[in-house]
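Asks: Residues per chain are reported as follows:
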Amino acid sequence: GNSVTQMEGPVTLSEEAFLTINCTYTATGYPSLFWYVQYPGEGLQLLLKATKADDKGSNKGFEATYRKETTSFHLEKGSVQVSDSAVYFCALSDGAQKLVFGQGTRLTINP
Amino acid sequence: DAGVIQSPRHEVTEMGQEVTLRCKPISGHDYLFWYRQTMMRGLELLIYFNNNVPIDDSGMPEDRFSAKMPNASFSTLKIQPSEPRDSAVYFCASSLRTGKVSPLHFGNGTRLTVT
Numbered sequence: 044g045n046s047v048t049q050m051e052g053p054v055t056l057s058e059e060a061f062l063t064i065n066c067t068y069t070a071t072g073y074p075s076l077f078w079y080v081q082y083p084g085e086g087l088q089l090l091l092k093a094t095k096a097d098d099k100g101s102n103k104g105f106e107a108t109y110r111k112e113t114t115s116f117h118l119e120k121g122s123v124q125v126s127d128s129a130v131y132f133c134a135l136s137d138g139a140q141k142l143v144f145g146q147g148t149r150l151t152i153n154p
Numbered sequence: 244d245a246g247v248i249q250s251p252r253h254e255v256t257e258m259g260q261e262v263t264l265r266c267k268p269i270s271g272h273d274y275l276f277w278y279r280q281t282m283m284r285g286l287e288l289l290i291y292f293n294n295n296v297p298i299d300d301s302g303m304p305e306d307r308f309s310a311k312m313p314n315a316s317f318s319t320l321k322i323q324p325s326e327p328r329d330s331a332v333y334f335c336a337s338s339l340r341t342g343k344v345s346p347l348h349f350g351n352g353t354r355l356t357v358t
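Chains A and B supply the protein sequences, listed in that same order.
Converting from the first sequence to this note's numbering requires adding 43 to each position, the first position being numbered 1.
Converting from the second sequence to this note's numbering requires adding 243 to each position, the first position being numbered 1.
Here chain A stands alone, though its shape is the one from the complex:
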């Protein structure tokens, strides 16, 4: 079945550091890939998406590139801020409406 694996958290960085959160997936066919973010006390929000190989999703300074050869969709940001502290979820959809989520990675940014 389809699955998503994210790097173990928690991740703690200093402000302005470079961020990478790894995500790999297992799926048949050509899934769509997503990153969602969850701020404290809130539901998940879509951060960015990519629908085909080599697509780059981007939003709020975050980027992720759909790599079919390595079945990966790593999240990156060049300079993190305290306000980026949240839990980040990688997810995939194989065309059906339900998403398969990774386990989430908690990110804490210290000033």
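Think of the hints as simulated: they come from the structure by calculation, not from any bench.
Backbone N, C-alpha and C fix where the C-beta goes; we use that ideal spot for every residue, glycine too.
Keep in mind that the hints are not guaranteed to be accurate.
A short, non-exhaustive set of chain B residues, derived as facing chain A with CB atoms under 10 angstroms [as the list claims (entries may be wrong)]:
#1 Gln-249
#2 Pro-251
#3 Gly-352
Knowing the structure of chain A, use the given hints to seat chain B on it.
Replies: Chain B in isolation, oriented as in the chain A frame:
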């Protein structure tokens, strides 16, 4: 748009009691999902509906859980009887099917504590 609205935000109940969680999806969205989030198991899909019809309930833990969607603007998730292991944050989400990519819009969740 008000987004997905869930109520209550917090619910504390005793073991054995009935619990009902409520959700109002975004107007016009034709899919509705119920998720459960715990530290141990992460985010689990319990059930989802399309046009008010349950499509996949394979994630519902057991017969104590039931979900209904009587109309396009309202859904409930009921636990009867509740148990301490049901303690979790329950999220409702909705989406509109538009081609291949249909992002989910989540509510702020209901934090359930069963003592």
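Asks: Does each hint fit the structure? Answer for all of them.
Replies: Hint check:
Evaluation of the Gln-249/B hint against chain A yields a held restraint, the C-beta minimum of about 8 angstroms falling below 10 angstroms. Evaluation of the Pro-251/B hint against chain A yields a violated restraint, the C-beta minimum of about 14 angstroms exceeding 10 angstroms. A distance limit of 10 angstroms between C-beta atoms decides the matter here; for Gly-352/B the minimum to chain A is near 6 angstroms, and the interface restraint holds.
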